[in-house]
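Novice: Take the two lone chains and join them into the complex the hints point to.
One letter stands for each residue in the lines below.
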Amino acid sequence: MSTLTPTERRASVPGPNVRSTGSRRRGKSRMDPTRNNTAAGIAAWLLALLFAVPVLWMILTSFHSETDAATNPPSIAADLTLDAYQEFFGATSGVSPWPSLINSATASIFSTVLVLLLAIPAAYALSIRPVKKWSDVMFFFLSTKMMPVVAAVLPLYLVAKNIGALDNIWFLVLMYTSMNLPIAVWMMRSFLDEVPVEMLEAAQIDGAGLLLTLRKVVAPVAMPGIAATALICFIFSWNELLLARVLTGVVAGTAPVFLTGFVSGQGLFLAKVCAAAVVVSLPVLFAGFAAQDKLVQGLSLGAVK
Amino acid sequence: MTNAATRVSRHGSTTAKPSRDTGDTRDTRARERAVAWVRRAPLLPALIFLIIVTQLPFVVTLFISFMNWNSLSPDTTGFAGFDNYIQVLTDPYFLQAIVTTIVMTVSVVLASLLLGLGLALLLDKKFIGRGLARTLLIAPFLVVPVAAALIWKHAILNPVYGLINGTLTWVWSLFGSDAPPQTDLLSSAPLLAIIMSLVWQWTPFMMLILLAGLQSRPMDTVEAAQMDGATPWAIFHHLTLPHLRQYLELGGLLGAIYIVQNFDAVFTLTSGGLGTANLPYAIYETFYYANEYGLASAAGVVVVIGTIIVATFALRTVFSLFKKEAAR
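Residue numbers (the working numbering), protein chains in the order written: chain A, 1 to 305; chain B, 306 to 633.
With the rest of the complex left out, here is chain B (with noise of 0.2 Å):
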C-alpha cells in the first residue's frame, strides 16, 4: 500500500514539504507537523463520526455475543462464555441460516455475472437502439427492492393471477389446451424464487461493470488478433476474458457484499419460511421477535467473520485495479 502511495504523483506536485535550510529543527519539526495536521483535518470528522457510528457498536456486540440476556427475561442476565457462538453454531435454525446464505450468494452472484456478461457482449455490438436496450436493462436495479420483491411475490409468482401461470395459460390456451401446467414456485421452490428475483435485480449492476470492462479492452491487439485470422472464439478466450478478469472479480466480490447482507427479499417474499431465512434474517428475527440478544450478537459476530473471509479477496481484487487507477 505504501508502494502505491509513493508513485503517485500528486505527492510529489505539493509544496508541503518545508524546506529544512531555514530556522532551527525544532522549529522545522512543529511547522512539518502542523502541515501534517492541516493536512489531515479535512478527513477527520468524516474519520471519526464512521468510527462512533459504526466502529463502537460492533464492540458492544461483541460484548454482547457473550452475554445471557433474553429482555423478556431480566433475571437471567449474565455472562454466558461461548454458549451463543455453540448455539448458533449447532443449532439447526442457524445452520440451516449459514447453508441458506452461502447458497443464495453464491448462486445469484454466479448466474447475474453469467447473465451480466452475455449481455454486456450483446450491448458491445453496436446496433439500432442500443441505447434504449441499456436503459431497459438497468431498470430492474431501479426499482425499490421491496416493491422488487412486492412485485415479484405478487404480481409474477403468484400461484392464481401471477405472470409466469397466466403467461402458461396464455399460451397454452393458443394450442386449443385449456389444461395448461401451473407453478407455485413460493411454496414449491421458495429459496429458487428468491433467487431468481435476485438474480433479475443484480444482473444489470453486473452487467454494467462487465460493459465497462469490454470498452476499456485494448482494441489494437483485438484488431491484429482478427488481421492474423483468429478466430472470434480465440479472441474471446484469449484476449476478451483474460481483460475481463478483474471486471468480473470485481462484480462477483462487490455483488457477494451486497448479498450476502441481504433482507429485503427473504423478509418480502417468505418471510424467512420454508428453509430460506439467511442469516441476516435470522438475527433480525432472533433479536426482534424472540429477544434473544446475546444468541442474535453471536450470529451477527459469526457474519462478520464470515464477510471477512470473502472481504480479504474483495480488497485485493479492488485494489489491484486501484493499483492501476493509482500509477498514472
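Only chain A is shown next, with the shape it has when bound in the complex (with noise of 0.2 Å):
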C-alpha cells in the first residue's frame, strides 16, 4: 500500500489540478492529432530557426576568420579555422581567459554546494515536516528575491572593502549564495512535496529513522528535483554580471566580468567576440539542456509542473 509512484497518486488525485490533468493530457486522448498540424510545424519550425539565428550565426562566425566575419554581405560559406579560439585564449595578446573562467567555475560550484546545504534541509521544514505559517516562511523567501540586487550593492561593496574582502572570489561565493537560496528553497520545496505522504507514514509505521527514510524514500524521488535544482543555481551564478563588476577585480574577476572587455569595439574582432561569447555559454548551455526536463518547474519556482 506504500508504493505509490507520485505520478500514480497525482493521477488519483480528481479535481482542477495542474498536475493531474498534466499526465492525462500525456495520454491517448488527445482528438486528431494530425489535423492542421502541417502549417502549424512549419510555421513553428521557421520561428524556432528564426530565434535559433543569432546563436547559430555566433557559432557560425566564431570558426571564420576575422577577415571572412566582418564582411557585407555575410559570407556564409567561408573556410571554417580554429584562429578565433587560438586568438581568444590569448594566442597572440598574452592575456588568458582561464582565470576569468576558473573564478566563474569557483563562484558557480560552491555556492551552489552551500545552496544546496542550506535549501534542502530548510525545504524538508517548509514541506515533508512542516512548521507551523510555512507559508509565510515561504513568502519571506520569496520577498527577498524581488528586491533588486542593486539596492544592496553599495552597503555590501562598503562591507567588503572595509573587511578587506574586495576582490576575493569567496566573497562572491556568499553573495550568490544568498542570490540564488530563496529560489532554491522555492524549487526545493516544490520538489519534495512530489513525495508521497504515504510512503512518509509507512516509512514511519515500519519505524524507519531520519536518516534510513531520507535516503530511501526522500531521495529517490527528490533527486531529480535536486540536481535540476543545481543546475539552475549553477546558471544563475555563472551569468551574473552587476555583483562580479562592483565586489571583483583583476584577481578575482569572473567569466562575465572578462566579457566586458569586448563591450567597445577593437578593430576586426567580431570571431574572437563569437568564440569568448561560445566558450563562455557552453557551460550554461550544457546545464541548461541536462535540466531541461524540471526548467519549467525550477524556473516558475515550482508554480508550473
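These aren't lab readings, by the way, just hints derived from the structure by calculation.
Just so we're clear, the structure is a prediction, and the values are computed from it rather than from any experiment.
All C-beta atoms, glycine included, are put in the ideal place defined by N, C-alpha and C.
Hints are supplied without guarantee of correctness; some may be wrong.
Ranges between beta-carbon positions, derived for each pair [unchecked claim]: (1) Gln360/B <-> Leu49/A: 43 to 53 Å; (2) Thr81/A <-> Gly434/B: 45 to 55 Å; (3) Ser65/A <-> Ala494/B: 28 to 38 Å; (4) Asp483/B <-> Ala39/A: 33 to 43 Å; (5) Ala227/A <-> Ser492/B: 42 to 52 Å; (6) Gly164/A <-> Leu497/B: 36 to 46 Å.
Specialist: Dropping the structure here:
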C-alpha cells in the first residue's frame, strides 16, 4: 500500500489540478492529432530557426577568420578555422581567459553547494515536516528575491572594502549563495512535495529512522529535482554580472567580467567575440539542456509543473 | 495564508502533536516547544543567512539614503534629510531612468509574452521534429546574458558588418540592387535595440511557462466543445485563454521582476548612453563612477518601492497557483 509512485498519486487526485491534468494529457485522449498540424509545424520551425539564428550565427562566425567574419553581405560559406578560439585564449595578446573561467567555476560551484546545503534542510522543514506558518516563511524567502540587487550593492561593497574582501572570490560565493537561496528553497519545496505522504507514513509505521527515510524514501523521488535546482542555481551564478563587476577586479574577476572587455570595439575582432561568447556560454548550455525536463518547474519556482 | 496551511494534508500525517494525557501540563508544554524547535531547526541556517546577507544591507542602504555622502569629498559627509530623494525625483537623469525602466520592462514583458504565447500554441500541436524545434527555441535563454548582448551589439546590429545589414544587402543583391537600405539601430533607436535583444532572450522563458499551461488544459472540456461544434477561435477565447490567464500573469510578473533589474544588456549594448540608462544602470553609475553614495542609495530605495508595488501583484498570482498546489 505504500508503493504509490508520484505519478499514480497525481493521477488519483481529482479536480482542476495542474498536475493531474498534465499526466492525463500525455495519454491518448488527444483528439485528431494530425489535423492542421503541417501548417503549424512549418510555422513553428520557421520561428524556431529565426530565434536560433543569433546563436547559430555566433557559432558559425566563431569558426571564421576575422576578415571573413566582418563582411557585408555575410560570407556564410567561408573557410572554417580555429583561429578565433586561439586568439580568445591569448595566442597573440597573451591575456588568458582561464583565470576568469576558473573564478566563475569556483563561484558557481561552491555557491551552488552552499545553496543546496542550506536549502534542502529548509525545504524539508517547509514540506515534509512543515513548521507552523510555513507559507509565511515561503513568502518571506520570495520577497528577498524581489529586492533588486542594485539596492543592496553599495553596503555590500562597503563591507567588502572594510573587511578586505574586495576582489575576493569567496565573498562572491557568499553573495551568489544569498542570491540563489530563496529560489532554491522554492524549487526544492516543490520537488520535496512530490514525495508521497503515504510513503512517508509507511516508513514511519515500519519504524524507519530519519536518515533511512531520507535515503530510501525522500532521496529517490527528490533527486532529479535536487539536480535541476543545482543546475539552475549554477546557471544564475555563472551569468551574474553586476555583483561581480562591483565586487571583483583583476584577481577574482569572473567570465562575464572578462567579457565586458569586449564591450567597445577593437578593430577586427568579431570572430574573437563570438568565440568568447561560445566558450563562456557552453557550461550554461550544457547545464540548461541537462535540466530541460525540470527547467519550467524550477524557473517558475515550482508553480508550474 | 494560514488557511492554506491548515489545508495541507502533511500536517495531519505527522506525529508531532504530543498527547495531553501523559505527565503534567508544564512538562507537556515544554516538550511541545522542544518539538516545535526541532521542526524549525533545519530552517534556521537558511533564514539567518538570508537575513544577514540581504536584509541588513538594505537597512544600511536606507540609512545612507538620508546622508550626504560622496566618497571623493569626505568633508561634506552629513545628514541630508530628504535631499537625495528630492534629487532622484527631480533630476532629469533619474527621471529619464525611471521612464526608461518602465518602458523597457513593460514592452519586453508584453512582447515576449505575446511571442511566447504564439510559439506555445504552435508547439502544443504535434509535428515532425517538435522536440528539436523546442530545443532551438530554448537556446536564446541559455546564452550568458553578457555574451548575448555582445553578439547583438557586434554581430547583429553593427552598422557595417552586422547580420541585419548584411542580410539586407544580400536580399537586395538578389534583385540586382546595389543600394540596399542599411540600419544603425544602436544609434538611431538604442532603446529599441536593447528591447529587441531582451525580447529575444525572454520569449523562450514565457513560451516554456505558457506551454506547460497549455498542456495542463482539461482536454475533456475542449473535446466536448469540439463535439458541440465550437470554432477553434471560440475554444481559444472561452476555454484556453481563461485557463492560461494565471500562467500569463505568472510569466509576466516573474519576467517583470527580472527585467526591472536588468543591468547586463544596458551595460553592454549602450553603456547607458542616449537615454537608455535604466534605474539599475543609473544607480551603478552614480555609485561606481560618481561616488555619490547617498544619492545612489536613495535611488536604490526608490527601485525597491517600485518593485514592492509590482511584487504585491506578483505574490498574489504566485499564491493563487501555490494555493491550488497546497490544496491537493
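Novice: The structure should be examined with respect to each hint, and the outcome stated for every one.
Specialist: Verification of the hints:
{"no.": "1", "hint": "Gln360/B <-> Leu49/A: 43 to 53 Å", "result": "holds (46 Å)"}
{"no.": "2", "hint": "Thr81/A <-> Gly434/B: 45 to 55 Å", "result": "violated (31 Å)"}
{"no.": "3", "hint": "Ser65/A <-> Ala494/B: 28 to 38 Å", "result": "holds (32 Å)"}
{"no.": "4", "hint": "Asp483/B <-> Ala39/A: 33 to 43 Å", "result": "holds (37 Å)"}
{"no.": "5", "hint": "Ala227/A <-> Ser492/B: 42 to 52 Å", "result": "holds (45 Å)"}
{"no.": "6", "hint": "Gly164/A <-> Leu497/B: 36 to 46 Å", "result": "holds (44 Å)"}
Checked against the numbered hints above, the structure violates only hint 2.
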